[in-house]
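*Asks:* The lines below spell out each chain.
Protein chains: 2
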Amino acid sequence: MARLISLVEDGHPALPEVMAALAPHSGGAHVIGLTGSPGVGKSTTTAALIAAFRDRGKRVAVLAVDPSSPFSGGALLGDRIRMEQHATDSGVFIRSVASRGHLGGLSFATPQALRVLDAAGFDVVLVETVGVGQSEVEVAARADTTVVIVAPGMGDGIQAAKAGILEIGDLFVVNKADRDGADDTVRDLRHMIQLGNRERSVDWRTPVVRTVASRGDGIPELVESLEAHRNWLGESGALSTRRSERARSEIEAIALAELRRRLGAEGGLVSADLASAVASGETDVYAAASQVIERVTGRAAPPSD
Amino acid sequence: MARLISLVEDGHPALPEVMAALAPHSGGAHVIGLTGSPGVGKSTTTAALIAAFRDRGKRVAVLAVDPSSPFSGGALLGDRIRMEQHATDSGVFIRSVASRGHLGGLSFATPQALRVLDAAGFDVVLVETVGVGQSEVEVAARADTTVVIVAPGMGDGIQAAKAGILEIGDLFVVNKADRDGADDTVRDLRHMIQLGNRERSVDWRTPVVRTVASRGDGIPELVESLEAHRNWLGESGALSTRRSERARSEIEAIALAELRRRLGAEGGLVSADLASAVASGETDVYAAASQVIERVTGRAAPPSD
Numbered sequence: 001m002a003r004l005i006s007l008v009e010d011g012h013p014a015l016p017e018v019m020a021a022l023a024p025h026s027g028g029a030h031v032i033g034l035t036g037s038p039g040v041g042k043s044t045t046t047a048a049l050i051a052a053f054r055d056r057g058k059r060v061a062v063l064a065v066d067p068s069s070p071f072s073g074g075a076l077l078g079d080r081i082r083m084e085q086h087a088t089d090s091g092v093f094i095r096s097v098a099s100r101g102h103l104g105g106l107s108f109a110t111p112q113a114l115r116v117l118d119a120a121g122f123d124v125v126l127v128e129t130v131g132v133g134q135s136e137v138e139v140a141a142r143a144d145t146t147v148v149i150v151a152p153g154m155g156d157g158i159q160a161a162k163a164g165i166l167e168i169g170d171l172f173v174v175n176k177a178d179r180d181g182a183d184d185t186v187r188d189l190r191h192m193i194q195l196g197n198r199e200r201s202v203d204w205r206t207p208v209v210r211t212v213a214s215r216g217d218g219i220p221e222l223v224e225s226l227e228a229h230r231n232w233l234g235e236s237g238a239l240s241t242r243r244s245e246r247a248r249s250e251i252e253a254i255a256l257a258e259l260r261r262r263l264g265a266e267g268g269l270v271s272a273d274l275a276s277a278v279a280s281g282e283t284d285v286y287a288a289a290s291q292v293i294e295r296v297t298g299r300a301a302p303p304s305d
Numbered sequence: 306m307a308r309l310i311s312l313v314e315d316g317h318p319a320l321p322e323v324m325a326a327l328a329p330h331s332g333g334a335h336v337i338g339l340t341g342s343p344g345v346g347k348s349t350t351t352a353a354l355i356a357a358f359r360d361r362g363k364r365v366a367v368l369a370v371d372p373s374s375p376f377s378g379g380a381l382l383g384d385r386i387r388m389e390q391h392a393t394d395s396g397v398f399i400r401s402v403a404s405r406g407h408l409g410g411l412s413f414a415t416p417q418a419l420r421v422l423d424a425a426g427f428d429v430v431l432v433e434t435v436g437v438g439q440s441e442v443e444v445a446a447r448a449d450t451t452v453v454i455v456a457p458g459m460g461d462g463i464q465a466a467k468a469g470i471l472e473i474g475d476l477f478v479v480n481k482a483d484r485d486g487a488d489d490t491v492r493d494l495r496h497m498i499q500l501g502n503r504e505r506s507v508d509w510r511t512p513v514v515r516t517v518a519s520r521g522d523g524i525p526e527l528v529e530s531l532e533a534h535r536n537w538l539g540e541s542g543a544l545s546t547r548r549s550e551r552a553r554s555e556i557e558a559i560a561l562a563e564l565r566r567r568l569g570a571e572g573g574l575v576s577a578d579l580a581s582a583v584a585s586g587e588t589d590v591y592a593a594a595s596q597v598i599e600r601v602t603g604r605a606a607p608p609s610d
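So the sequence lines, in the order shown, correspond to chains V and X. Sequential numbering of the first sequence, starting at 1, is according to the numbering used here. Sequential numbering of the second sequence, starting at 306, is according to the numbering used here.
Careful, some of the hints might be misleading.
[To be verified] With a straight-line Cα cutoff of 25 Å, these simulated SDA-like cross-link-like pairs (lysine to any residue) come out: (1) X:Lys363 / X:Gly542; (2) X:Lys363 / X:Glu532; (3) V:Lys58 / V:Leu4; (4) X:Lys363 / X:Glu322; (5) X:Lys363 / V:Gly281; (6) V:Lys58 / V:His25; (7) V:Lys58 / V:Gly281; (8) V:Lys58 / X:Lys363; (9) X:Lys363 / X:Arg515; (10) V:Lys58 / V:Ser280; (11) X:Lys363 / V:Ser280; (12) V:Lys58 / X:Ser585.
[To be verified] Estimated spans, in silico, between C-beta atoms of each pair: (13) X:Ser585 / V:Ala228: 17 to 27 Å; (14) X:Asp489 / V:Asp180: 47 to 57 Å; (15) X:Asp578 / V:Glu235: 20 to 30 Å; (16) V:Pro24 / X:Gly486: 50 to 60 Å; (17) X:Glu587 / V:Arg3: 47 to 57 Å; (18) V:Glu221 / X:Ser585: 50 to 60 Å; (19) V:Gly181 / X:Gly486: 18 to 28 Å; (20) V:Ser214 / X:Ala533: 39 to 49 Å; (21) V:Gly237 / X:Ala326: 45 to 55 Å; (22) V:His12 / X:Glu599: 36 to 46 Å; (23) X:Asp578 / V:Ala21: 51 to 61 Å; (24) X:Asp483 / V:Asp180: 15 to 25 Å.
Hints listed in this document are in silico derivations from the structure and should not be mistaken for laboratory results. Predicted model, so just to flag it, every value in this text is computed and none were measured. Every residue, glycine too, gets a C-beta built ideally from N, C-alpha and C.
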């Protein structure tokens, strides 16, 4: 399994064959995305969820989506160690995907890695995103169930709204709920959810769960809410819609990576000469893009660059 | 200018013409990216920099890159108001670009909006990113000069490393430097920069500047460091390399947006039927991607989907 995920990260030529073999076996896992600002306790919550799902006899995989900093090898070690209480349990698999700037980035590697874990028969796949940004939010939002974690004092409601993560939550967790300000955070979240639901008119009542993940408080309630959401997805038909959306973005990411590859190695779609002509103002950016499109589609004479 | 940036956000059909007209006028502005976790004081630092550059007679534009939450209209208002002390100054222009999920997202809109501001003759263009994630970091990293802002206590070194922002900083700011722990934060940063530089063997000595942006402390030193970096970029030849890289990603984003458009409206590259066939396991994801590529390149019979 670890080797299959490495193939995904490397964009290995055997991937099409692998994915074709896995296709009929997918769809069994409940894919849960966990997102939130740095410091809210995503890793601790993930670790607590692993334990809770194991207690219920479920096999659990974790995919930690890591923006691939050259510094992070060491920096993330703390998290990995925290999770290593499960290192000897064959019902638990933990893996990080590091993929910034690689092929299509997170949108290329993550859904395919999910597909591997799903086909391997895990009941629950937790996707924990490390950063809070466009790509990370999109990855988390493409789960079956998206959990947004906040903590009192750490990034108030406005900060969460800024990060654009409020409207993607199917479920909110106020972690570190023993701290001052937890009540305010819960109230602010409920208020914002109400505003959001009115806008979207979704018929799922978004819960706000209080946890102190470091000592397991609130984790049973969180697991119950996750299972309730999974049931709602199935009954409402939302599950197949969400999974089609995920498949769509996965197909698109693979197609775009392949187009880039076909246009030749290193420079991707755009040659160095063309880029520097645009940088210096000799060529304008749309004229350059037209040349690139002609190269892709073969619908005009090759440009002179 | 505001209307031109709206054209960019909308992907308006007149953009190619507009960008062709602007091309010969670009390259004069010093593009400065500002990034950091929520709560470190990016907006306050931006406001202080505007004032400092205005004092030096420079015209300043600010592009606030916003992940486009439906909630953020109100949430970002506070920042805008804080900056409105400059609202009546014609040497200052402030605009946010909201672009998640739109065309190519941030990578489509931001460089073109920069091009508009550059061609309009601003001496300095500040790009402030709201989230901390892959796309935001990439946007900030494609500036001429990238400033990473941290604050004591708020997201320590490990959190910054996790977010993947340490290795992109040309310049670090420890804001709120009057708080406890500022010395530790400065020391940690210096240590991490040393490790990073050794890896990259870059001949720019990355400064760490202490500020209390809310009262202007350290802002003159920050401006000096920014100008020193701009000079270094010019002398070392790094400026044209960076700008070529920025042009390259801009061309690619435009070409990909155009390819998506050509393949027909709503569904983008991937039809709903194809996505749901992959979601249900009937078709595998690479076979689906091949169909899409054939549609793009016209190199095979159109698929039956």
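*Asks:* Can you confirm whether the C-alpha distance between lysine 58 (chain V) and lysine 363 (chain X) stays at or below 25 Å?
*Replies:* violated (62 Å)
*Asks:* Under the criterion that the straight-line Cα-Cα distance not exceed 25 Å, is the pair lysine 58 (chain V), histidine 25 (chain V) satisfied?
*Replies:* Judged against 25 Å, a Cα distance of about 18 Å means the pair holds.
*Asks:* Do the beta carbons of glutamate 587 (chain X) and arginine 3 (chain V) sit within 47 to 57 Å of each other?
*Replies:* violated (27 Å)
*Asks:* Would the pair lysine 363 (chain X) and glycine 281 (chain V) pass a check requiring their Cα atoms to be no farther apart than 25 Å?
*Replies:* Since the Cα atoms of lysine 363 (chain X) and glycine 281 (chain V) sit roughly 23 Å apart, the hinted pair holds (cutoff 25 Å).
*Asks:* Just to be careful, I want the Cα atoms of lysine 58 (chain V) and serine 280 (chain V) compared with a cutoff of 25 Å; is the pair within it?
*Replies:* violated (58 Å)
*Asks:* Does the hinted range 36 to 46 Å hold for histidine 12 (chain V) and glutamate 599 (chain X) at CB?
*Replies:* violated (22 Å)
*Asks:* Holds or violated: 45 to 55 Å for the Cβ distance of glycine 237 (chain V) and alanine 326 (chain X)?
*Replies:* holds (50 Å)
*Asks:* Between lysine 363 (chain X) and glycine 542 (chain X), does the CA-CA distance stay at or below 25 Å?
*Replies:* Since the Cα atoms of lysine 363 (chain X) and glycine 542 (chain X) sit roughly 24 Å apart, the hinted pair holds (cutoff 25 Å).
*Asks:* When you take the CB atoms of serine 585 (chain X) and alanine 228 (chain V), is the distance between them in 17 to 27 Å?
*Replies:* holds (24 Å)
*Asks:* Given the hinted pair lysine 58 (chain V) and glycine 281 (chain V), is their alpha-carbon gap at most 25 Å?
*Replies:* Since the Cα atoms of lysine 58 (chain V) and glycine 281 (chain V) sit roughly 59 Å apart, the hinted pair is violated (cutoff 25 Å).
*Asks:* Hey, lysine 58 (chain V) versus leucine 4 (chain V), does the alpha-carbon distance stay inside 25 Å?
*Replies:* The hint holds at about 22 Å.
*Asks:* Within 20 to 30 Å or not, the Cβ separation of aspartate 578 (chain X) and glutamate 235 (chain V)?
*Replies:* Holds, since aspartate 578 (chain X) and glutamate 235 (chain V) (Cβ atoms, about 24 Å apart) stay within the stated range.
Of the numbered hints given earlier, the model fails hints 4, 7, 8, 10, 14, 17, 18, 22, 23; all others are met.
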